[in-house]
Every structure is written in structure tokens, then in C-alpha cells.
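So the sequences go chain by chain: C and H.
Going by my numbering, the first residue of the first sequence is number 10, and it counts up by one from there.
Going by my numbering, the first residue of the second sequence is number 208, and it counts up by one from there.
Errors might be hidden in some of the hints.
Claimed, not checked - Below are the DMTMM-like pairs computed for lysine to aspartate or glutamate, each with C-alpha atoms no more than 25 Å apart in a straight line: (1) C:K20 to H:D328; (2) H:K292 to H:D381; (3) C:K20 to H:E279; (4) H:K220 to C:E220; (5) H:K220 to H:E279; (6) C:K425 to H:D223.
In case anyone wonders, no lab produced these hints; they're calculated from the structure.
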Amino acid sequence: MILAIIHDAFKNLSANLLRSGLTMLGVIIGVASVIAMIAIVEGGQVWLVSSIERLGTNLLFVWKKRLTVEERRMFAGRNIKLKYEDALAIRQHFPNLTIAPKVGFDGQLKIGDRDFSGHISGTSPEYSEIRNFFPSAGRFVTTEDLRGWRRSVVLGKTVAEVLFGTESPIGKEVKIFGGVKKMKTKDITKVEKQEQEIVEEYRFVVIGVMEPKGEIYGQNRDEMIFIPVTTALRFFKGNDKIDSMVIHVPDRNSMEKVTQKLHQFLVQRHDGVDDIRIRNQGDFLGAVEQTLWTFRIVLGGIALVALLVGGIGIMNIMLVTVTERTREIGLRKAIGARRNDILLQFLIESTTISVIGGVLGIILGIVTAYGFGNLVAQAMPGGGDWGAVVEPTAILIAFTFAVGVGILFGLFPAMKAAKLDPAEALRYQ
Amino acid sequence: MLIHLHNISKIYKAGDVEVPALINLTMKVEHGEFVAIIGQSGSGKTTLLDILGCLSHPTSGEYWLDGENVHELPDAQITTIRNKKIGFIFQTFHLLPRKTALENVQLPLMYARVPHATQHDRASELLTMVGLTDRLYHYSNQLSGGQQQRVAIARALANRPALLLADEPTGNLDSKSGNDILNVFDQLHQQGQTIIMITHDPLIAKRAERCITLSDGKIVSNQMTHPSSKILV
Ligand SMILES: Nc1ncnc2c1ncn2[C@@H]1O[C@H](COP(=O)(O)OP(=O)(O)O)[C@@H](O)[C@H]1O
Ligand SMILES: [Mg+2]
Numbered sequence: 010m011i012l013a014i015i016h017d018a019f020k021n022l023s024a025n026l027l028r029s030g031l032t033m034l035g036v037i038i039g040v041a042s043v044i045a046m047i048a049i050v051e052g053g054q055v056w057l058v059s060s061i062e063r064l065g066t067n068l069l070f071v072w073k074k075r076l077t078v079e080e081r082r083m084f085a086g087r088n089i090k091l092k093y094e095d096a097l098a099i100r101q102h103f104p105n106l107t108i109a110p111k112v113g114f115d116g117q118l119k120i121g122d123r124d125f126s127g128h129i130s131g132t133s134p135e136y137s138e139i140r141n142f143f144p145s146a147g148r149f150v151t152t153e154d155l156r157g158w159r160r161s162v163v164l165g166k167t168v169a170e171v172l173f174g175t176e177s178p179i180g181k182e183v184k185i186f187g188g189v190k191k192m193k194t195k196d197i198t199k200v201e202k203q204e205q206e207i208v209e210e211y212r213f214v215v216i217g218v219m220e221p222k223g224e225i226y227g228q229n230r231d232e233m234i235f236i237p238v239t240t241a242l243r244f245f246k247g248n249d250k251i252d253s254m255v256i257h258v259p260d261r262n263s264m265e266k267v268t269q270k271l272h273q274f275l276v277q278r279h280d281g282v283d284d285i286r287i288r289n290q291g292d293f294l295g296a297v298e299q300t301l302w303t304f305r306i307v308l309g310g311i312a313l314v315a316l317l318v319g320g321i322g323i324m325n326i327m328l329v330t331v332t333e334r335t336r337e338i339g340l341r342k343a344i345g346a347r348r349n350d351i352l353l354q355f356l357i358e359s360t361t362i363s364v365i366g367g368v369l370g371i372i373l374g375i376v377t378a379y380g381f382g383n384l385v386a387q388a389m390p391g392g393g394d395w396g397a398v399v400e401p402t403a404i405l406i407a408f409t410f411a412v413g414v415g416i417l418f419g420l421f422p423a424m425k426a427a428k429l430d431p432a433e434a435l436r437y438q
Numbered sequence: 208m209l210i211h212l213h214n215i216s217k218i219y220k221a222g223d224v225e226v227p228a229l230i231n232l233t234m235k236v237e238h239g240e241f242v243a244i245i246g247q248s249g250s251g252k253t254t255l256l257d258i259l260g261c262l263s264h265p266t267s268g269e270y271w272l273d274g275e276n277v278h279e280l281p282d283a284q285i286t287t288i289r290n291k292k293i294g295f296i297f298q299t300f301h302l303l304p305r306k307t308a309l310e311n312v313q314l315p316l317m318y319a320r321v322p323h324a325t326q327h328d329r330a331s332e333l334l335t336m337v338g339l340t341d342r343l344y345h346y347s348n349q350l351s352g353g354q355q356q357r358v359a360i361a362r363a364l365a366n367r368p369a370l371l372l373a374d375e376p377t378g379n380l381d382s383k384s385g386n387d388i389l390n391v392f393d394q395l396h397q398q399g400q401t402i403i404m405i406t407h408d409p410l411i412a413k414r415a416e417r418c419i420t421l422s423d424g425k426i427v428s429n430q431m432t433h434p435s436s437k438i439l440v
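Turn these sequences into a full structure, and let the hints guide you.
And the structure:
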């Protein structure tokens, strides 16, 4: 006979579609928002981590540390700053590491009446391998290029298109202007020392064009220009100082140990001055992870508010209908309903609404998350694939909470009304 | 004897103020009687009927129904009494909205755990008896007041109660519909149904066999009505 009460409860639901629908809406909003937000954040994390890993794996980045004026004065005369020799020395001392030094300057490439202004990087053959970034035509800079200070240049895809259109640039000549070389020249009269700034201009031969890679982590790789590091230092810098080094460590587990050893090694070479900084990808991931946590907390907060709003929505509907429902309970009791009959009816009603709402919420949440993922993927050139990651835990938490709230608020007025005398409940104002 | 009220008092508490609605009231009703209760508004009629219908508890006194001291019984048993022994008819009908006439009449049968097929047969039989054969599947809001009250009568009779209670059953109806309801009561009374009906209209009260007058929570008169006076209505 309990079946009859269950049947009656379902009939009540379909007879009161508006009330059922509005209550359901509260649950749907709560569940969908939590699931979508968490899926989007998790998707973002996967995207960020993969885009960082696409930069190459197991990498150490060595920079010179910016010294304060005071420090510079204090360390004057000592053998400080990151130099090309440092890279060569590391190569000798740590034969299992792969090293690419880098020195950059802003310059302009010219051929005929076309030109391209951008950042030019001097580096070594290892760079291509380490950064997982290869030429699609011709070749990258080689050891021979380095040894002979050759004026060879490798163009990013966009650069090649701007300068040469559809023509193949390989073997063609371009002029490169750039690099401010500070030269201490002694006047012929040897009377006064003079510092002169010279903008250099040289003819280069294009030896390769890089594969398209798009924008990664704020840098458009298709606009990069590579020349041999030795050439860059000799023709455009006039000194031995490099900006940074990228080092590939074969064994991921030894990253920390290698970092320490490298640090020690370089400090020693710099007469005991610690003017270098070594970062590894883990540090980047750590930073990203931190950003994501901020993200997570903010979005989690919003989701929680949505869940709460949903809960309050449910409560509101229940409170609005409490007069009608209290009278209904009074009448049912007056004609012979037991307290358990009433509670069972309301339990079934609110459970059904909440569970249906919860399931719809899950569907809506997942659809929203994937929809957002697609939107982001379309908005990002170069194929950011922000696949939403729908976490079963998120679904479980959101569903349990919203359904719990729905059932609780559905049952609460019924429990109160079922305690009243039928006479009181019937005439409830 | 079906009903024996002994020294029943009911005091409502509205904040700090105590409102005595019934004061040491004693009355008896035999099986098969048709009793009218009249009195001015606020005299305690509804309060009395609520107690008789086990819809509320008296503050003090004893209520014997069919040999049982009702308010000493556990809640579950009082529920069964409401379901099986009492049929209640309200001035405002109190049908469940968004349910059909048939579904409304089936409710007490459902709570009595009557099999569904039997519920359906019994409910349609009752609705036929009150003249609503062609209104079984109408929703409450598609029925006139008189029709709604007849559905309510059918619902009250569902489990063949020993006692039919009606609180101003014609109060919200025009005189034609009201008369139809009273005719149903007459018919039920002739079949041996015990009926207690509240009214504030002395003419309607004369349709009963006996008339109890309440004033300020006390019985001020209790007398048989003159049978010939029925003709006057
Ligand atoms: N729930 C209540 N709380 C407080 N006082 C009430 C309540 N119900 C009825 N009363 C009071 O009890 C008295 C009797 O009321 P009632 O039985 O409804 O009278 P009648 O039905 O004869 O008009 C009235 O004075 C009324 O104001
Ligand atoms: Mg009244």
C-alpha cells in the first residue's frame, strides 16, 4: 500500500509542474555551476601543463641575476656576468647535459623593399633539439656556423612569409641591422678615450625556415629569428656576455642535484659571486599551479555561492508553498493519514525533484564546461586545446550537496506541519 | 451510546491571553441520531466539532467514542479513528486542488490501505450516490461549490464512518445547493447514519432531530425539534 502513497506523490509532482520546476531549477543551477567551474579549472590546468611541456621537457634555465648598484660596485673587477665561456665550460664539465646559450637583440631584417623588425636570438645547434622546435625547410644553425662566425640566419615562419612571400628563402641573402655595440675606441691622437655606439649592418644568408609553432605562453615562436651565438657576439655585441642558457637534463630525477652542482660551478667561475639564477620547469609548473589554486578558490567560491543561491531558491519555493502545503497536510491527517504517510509522501516528492534536478544539472554542467572549452579553443590561435576535465568527485560533491539541500528543505516544512493538530494545520494562515 | 463528552474544556492560548472556547461541556449522542448545533459566531461550535472529530485535543475532560476514551489513546490509534470512524465535512470543502473528484474521494481509502481497484469502485459508487456520476474526472476547480461539497460528502463517507461531522456545510453555498446538501443528509440519516451538523441558521437546524444551542462555550439549550417544522423549509 506504500506504493499508493508513492504513486500519489508522483501525481502531486506532475500536477504542480510550476512548483516542481522552480524547485528543480534551484538544484540544476547549483549542480551545473559547480561541475562546470571545476571542469573548466581542471581543463585549464591540463592545458597549461601541456603547453609548458611543449616547450621541451626536463629543462633548466640559467639567467644572470640583476645586481644592485651597490653590489656592482662591490664586485667590481671580479669575473662576473654570464658568458659564452661559461656555457663552453659547462659543456666540458658536464658532458651528459645538453646546453644552448642564448643572446638576443632587437634588429631589422631587410631584403629589397621588404623588412621585418623583431628579436634576433643567437644560439647553438642544441637549441632546436632542446626546445623541441625544428626547421621545416633547410637546416638550423650548425657547429660549423658557430665555429666560422658564419652569417647564417634561420627564420621563423611568419618572418619568412613577410620577407619572401611564397618564395623559398633558402640560400637568399638578407641584410640585418641591429645590435648596439658599445666600442671603446682610442682616438688616433690617443688624447681622449671615446665611447661610440655603432649600429651594425651585415649581409646574412638564410639557411632554414622553422616549422609553424604558434604562440606558446605569451611568445609567438613564428616570429623568432636565429643566428649562430658566436656571430651574434662578434658582430652585434662586441663582447662575450650571453643572456641565458637552456640546459637539458637527461634524468628528470636528478634535476635538483644538477641545479645545485651547476650553481656551485658557476659561482666558482664567477670568483665566488652569486650572480646567476637557475630555474627548472618544475618551478614554472609550481607557479602555474599556484595561479590555478587562486583560480580554483575564486571559481570555487562562485560555485559555492551558486550552490547556495540554488539552495535558497529551493527553500523559497518551499516557504512560499508552506501555507498551501500545511493545509494539505492538515486535510490529509484529518481524513486519516499517518505521520509516516505524510513524511513518505514529502520525502518522495522532494527526492524526485532533487534527483531529477541533480541529473539535469550534471548534464547542463558538462555541456557548459565542454562548450566553454570549445570556445576557448577557438579563441586561441595555434591550437590551445582547453578540454574541460569533468571530475567525478566534483559531480559527486555537487550532486550530493544540492540533492541533500533539496530533500532537506522539502522535508522540513512537512515535518513541522505533520506535528501540528489537524485542526491547527487545516486553518494555518 | 456513540458519543459521551464529559466535562470537556478547551482553552486557547493566544500569547498571554487565555481564551476559553468550551467550558465544562457534557453531552451525549446516540447511534443514528441527527443533531444540529447552533450558536452565535465565536460560541465554540467549531471547537466542539474539532474535538468530536479528533482534529484537536481538549484541554481537560473525557471524550468517549463508541466506548473508547479517545484522548487517552496513542496517536496512531486516533489517526485510525479519524480514518475509519469519522467523516468530516468542512464549510470550505477542503478538497485537494489539482486532483479529480475521484482522486479526492479515494484519499481516505488509500490511507485505509484499501486495494486500488476497490478504491476506484467505492469512490465512483459514492460519487454516484451524491449525484456526480458524470463528474468523476473533473478537477476540484472545475466544480461548483455545491458539487465540491458533494465530493466532500462522498469523501467523508468513504470508509463508512460511524459518525458524520459537518461544520456549516451549507455556509458557503446558495440556498438551492445548500438544500441539495441537506437532502443528502436527510437521506443518509434515514439509512441510519449518525450526523452532527453545525449551523447558525435555526431553520436549517430544524432539519435535525435534536438541536443543541451553544453560547460562550456552554450548552444553553438541548431539545428535540418539532417534526412538522420541516415542512416550513
Ligand atoms: N486557534 C485559536 N486560537 C485562539 N483562539 C481561538 C482559536 N480558535 C478559536 N478561537 C476562539 O475560540 C472561540 C470559539 O471559536 P469557534 O469554536 O471557532 O467558534 P464558532 O465556530 O462557534 O464561531 C472564539 O472566541 C475564537 O476566537
Ligand atoms: Mg465555526
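Okay, the hints, checked on the actual structure:
1. Among the hinted pairs, K20 of chain C with D328 of chain H is consistent with the structure: their alpha-carbon atoms are about 20 Å apart, no more than 25 Å.
2. Our distance criterion of 25 Å between C-alpha atoms is broken by K292 of chain H and D381 of chain H, whose separation comes to about 30 Å.
3. As the CA atoms of K20 of chain C and E279 of chain H are separated by approximately 36 Å, the hinted pair breaks the 25 Å bound.
4. About 88 Å separates the Cα atoms of K220 of chain H and E220 of chain C, which puts this hinted pair outside 25 Å; it is violated.
5. Restraint check: the Cα-Cα separation between K220 of chain H and E279 of chain H comes to about 22 Å, which is no more than 25 Å; the hinted pair holds.
6. At roughly 23 Å between alpha-carbon atoms, K425 of chain C and D223 of chain H fall within 25 Å of each other, so this suggested pair holds.
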